[in-house]
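As a plain string of letters, each chain reads:
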Amino acid sequence: MASSANSNPVPKLYRSVIEDVINEVRELFLDEGVDEQVLMELKTLWENKLMQSKAVEGFHTEEQAALQAAAQQQAQQSQQVTQQTQSQQVLLPQQQQAPQQQVIVQDPKILQHMSATGMSAAATAATLALPTGVSPYQQLITSQGNVSQNVYLKTADGQILQVVRAANGAQYIIQPQQQMVLQQQVLPQMQPGGVQAPVIQQVLTPLQGGLPQQTGVIIQPQQIVLTGNKVQQNTQVMQMAGQAGQMQQVQQVQQVQQAQGGAAQGAPQQQQQPQAQGGAAPGAPQQQQAQQMTQPQPPMMLQVDGAGDTSSDEDEEEEEEEYDEDEDEDKDKDGGEDGQVEEEPLNSEDDVSDEEDQELFDTENVVVCQYDKIHRSKNKWKFHLKDGIMNLNGRDYVFSKAVGDAEW
Amino acid sequence: MAYQLYRNTTLGNSLQESLDELIQTQQITPQLALQVLLQFDKAINTALANRVRNRVNFKGSLNTYRFCDNVWTFVLNDVEFREVTDLVKVDKVKIVACDGKRASYTCVMILLFDQLLDTPHL
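Respectively, the protein sequence lines represent chains B and C. Numbering-wise, the first sequence is residues 1 to 408 according to this note's numbering. Numbering-wise, the second sequence is residues 1001 to 1122 according to this note's numbering.
Don't read these hints as lab results, they were simulated from the structure. Just so you know, even glycine gets a beta-carbon here, dropped at the ideal spot from N, CA and C. Any given hint could turn out to be false.
Stated by the list, open to error - As a list, the in silico DSSO-like pairs of lysine-lysine whose alpha-carbon atoms are at most 27 angstroms apart:
#1 B:Lys401 - B:Lys12
#2 B:Lys54 - C:Lys1059
#3 B:Lys43 - C:Lys1089
#4 B:Lys54 - C:Lys1101
#5 B:Lys378 - C:Lys1059
Said to hold, decoys possible - Some, not all, of what chain C presents toward chain B, calculated at C-beta under 8 angstroms:
#6 Ser1018
#7 Leu1019
#8 Leu1022
#9 Ile1023
#10 Gln1026
#11 Leu1034
#12 Thr1073
#13 Lys1092
#14 Cys1098
#15 Asp1099
One chain only, chain C, in its complex shape (with noise of 0.2 angstroms):
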């Protein structure tokens, strides 16, 4: 199972909202839309993998940090992030980062309930 890390970016909110305006006017079902989240996620975690090549660094001040659930959550100010290309300066900005390793706990837990109980995850 992949991360629905990403479903809170604009391509996934805009895909939830269309999902949302399709259930509302009853052309789909809500089983329906989660099972095309639950692909949107395979698909975006399998491209940002594959299909990405590039690499960031980012300078400025930490103001909060946070450890969760194997989830860092950090608050930055006044950062620099330098691409090759280019420069973008932000006066702040929250990071959300899942585990990098593939097999993560948590998710493994979540697989193993799913099959216990039979209910697929939401």
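Same shape as in the complex, but just chain B (with noise of 0.2 angstroms):
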């Protein structure tokens, strides 16, 4: 069974317990008269999790080998099929929509994080399993209808960008070949988990000569997805594009796309984004020279980061004036308790908080375990622990015991 020499147990050891925790909990789902498929839906939650947190090595690997062999014959049978009987989400009018489409699959993050919104481990297989192909994205939209999932497909040529995205209100963007004219649309929508995700359609007129491509950016409430890598939230982007006219339009997708590989994903840059569309517009002479330079790549995405990113000093800006404004309110706390109103902010340095440049891993190293034996002697601590469960630079690691020597 094992491949390399030294076989890690963890893997082995989480999928017992789970096996064994769904089937003690079918009688449970019974009496409580909850479908079996609930149960099974659990099971791939719960999977789907543990896959996503990386924090196993080797988890399920042959399962995803599997599916992902599956999902391949899957996707490129049904490619052509799939693109033109879409129902769910048909952004466009499909005669625009070019036949050859391709999805590039480069960022398995977002994949695994769009599956996270409650894919089935197939679709989400699937997903991260596209090569340079079309993608199906009717598989991955129709799994829930209440949960809003981005597909993206980007042709290798990066002509062609498609969001398609299953929510309360279908919204995504498609992005024609050349020439073609995308219809716009702002509709604020709330996901399922509270968060807006305005949508925008973008109406591209036809391009006559200029630039190649048209490009589209597709706004998602959790996610955003950029032609390429990519997810971001660009509702102004996209107001500011129709403002600006096509040619930022592009230019911005094409930066975005650009900056995909510098830019952070998540949060950082969805905050940035809105700022970004603000200096996007003076920024779009820049950009046309360096989209002009980089064609080749498909400059889909716009750039609101990395080399044209305009929104650090408004960042900085904002987090100056919140980091003020705290300081006042902890000014005015103290004051009214003691004299030291002076004091806080000076305390404020004595945290030592540089964990940050230590680790790449945002995880916080924690051993959960039992112990046996804690001895002191002086300051010469010694540990016997046993049955613990670690987690150290983000993966998991299980000891049935453990020794160890510190001094404090």
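Since each chain sits alone in its own frame, please combine them into the complex, following the hints.
This is how it looks when you write it as structure tokens:
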């Protein structure tokens, strides 16, 4: 079974625990009149989250491989069919869409994140396994009606973008290859999770010469998907683009795309994007040049960070303002109690909070276990622990016994 | 009753999150979710006790220690965890350890109260 010399006991242990729990609670579920289907869904959710956390090595790799192989076959077969028969999310008249669309999965993280919204394991695997081919976004979308999902397609040439999102009000942006007209509508939507996802559809007037590509920005409440890797929320961008005209839109999209490599995903980008929007228009001319130079790459995405980022200043200003406000509040509190108004900001420097530069991971390393014996002699401590689960540097480990020494 | 200690692990947290999602979509009741978690506690305790057989050594400097309610909490710095196979270094680690003796006083008292009050222990 184990291909490596050192077989990691963690995946097997977790699998066995999952199986035990599921089997034990099956009876409970039936007693409450809950369908077996829900039990299976629980199991799937549980396993998916474990996979996403990447805390376990080699978890479900075999299953993933099998699912990916199956999904690839399905994807290839159903690519063309699904595109034209999509019912839920038809953004634009499909006439305009080029029949050749390739999906490039560039960032597995996004896909994984997508799966967090509730996609089935198969769909997730299919998404992850998408090669340079058309992605069967239909499959992904149809998983859950009330869950917004983002599927983006990007041709190898970067010509076509499609973002399909199954939300309360389906929204997606499709980018036709050339000279396609995209209608944009701003539809603010509330996500199940309570996150507003303004969706903006861009209206791109037919390009006449000039820009070889038209790009659209797809906004999703949970994630922002850029043609390519990133997921961004660009409601403002869209608006700006619409106002500024196509050129700017394309430029922005391309820049965004380019910036994918360098920019962080997720919240930081989202915050920056609204601000970046303001700087997008002035930076459009610059973007044009950059875009032209990078046209060989699929320049579909807006770059709102990296070289074209103009929001950092705004961010910093905002952060500083907030910080000042907090300081003022603290000062007021202290002023009420003591006369130590000035010490609060001084004391705040005493914090030893230098953790960010030390670890790549955000995780706090935790060991959860039981103790057999804790011994101390002067300042020398000895620990005898057992049955523990450790999360170190983002990875999970287990032990049946642990012995340690430390000096206080 | 088994320790609920292991709920704050990758495995336990992912289970709790999954259960929360099902509760939100009203596919299960909170009571049922609780039962699942209790079952998880039993399963993980048993699995760790019976299915894991490896030993780890570690060494570092002790930053803080706390002993309260029969639970030790340590924070160590610059720690090296050594197993036969490999070595893991971390700058900071928090260790939470419950009493390893099976019939912990705290657990027994909780069970007694449950029986008296006829309330499941949350």
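Each hint, compared with the structure:
As the CA atoms of Lys401 of chain B and Lys12 of chain B are separated by approximately 18 angstroms, the hinted pair is consistent with the 27 angstroms bound. A hinted pair counts as satisfied when its Cα atoms are at most 27 angstroms apart, and Lys54 of chain B with Lys1059 of chain C qualifies at roughly 26 angstroms. Proximity of Lys43 of chain B to Lys1089 of chain C is assessed by CA-CA distance (about 33 angstroms); at most 27 angstroms being required, the pair is judged violated. Between Lys54 of chain B and Lys1101 of chain C the CA atoms are separated by roughly 33 angstroms; this puts the pair beyond 27 angstroms, and the hint is violated.
Between Lys378 of chain B and Lys1059 of chain C the alpha-carbon distance is near 17 angstroms, which keeps this suggested pair within the 27 angstroms criterion. Interface hint at Ser1018 of chain C: satisfied, since its Cβ lies 4 angstroms from the closest Cβ of chain B, which is below the 8 angstroms cut-off. The interface hint given for Leu1019 of chain C is met, as the beta carbon of that residue sits about 7 angstroms from the closest beta carbon of chain B, less than 8 angstroms. Restraint check, Leu1022 of chain C versus chain B: the minimum CB separation of about 6 angstroms is within 8 angstroms; hint holds.
Interface hint status for Ile1023 of chain C: violated, as the beta-carbon distance to the closest one in chain B is roughly 11 angstroms, over 8 angstroms. Residue-level restraint check for Gln1026 of chain C is violated (minimum Cβ-Cβ distance to chain B is 10 angstroms; threshold 8 angstroms). With its C-beta approaching chain B no nearer than about 10 angstroms, Leu1034 of chain C sits outside the 8 angstroms limit, and its interface hint is violated. Below 8 angstroms, beta-carbon pairs count as interface contacts, and Thr1073 of chain C has none with chain B, the closest being about 10 angstroms; its hint is therefore violated.
At about 6 angstroms, the closest approach between the beta carbon of Lys1092 of chain C and any beta carbon in chain B falls short of 8 angstroms, and the interface hint on this residue holds. Interface hint status for Cys1098 of chain C: upheld, as the beta-carbon distance to the closest one in chain B is roughly 5 angstroms, under 8 angstroms. Interface restraint check: Asp1099 of chain C against chain B, minimum CB-CB distance 7 angstroms, threshold 8 angstroms, status holds.
In summary, the structure is inconsistent with hints 3, 4, 9, 10, 11 and 12 from the numbered list given earlier, while agreeing with the others.
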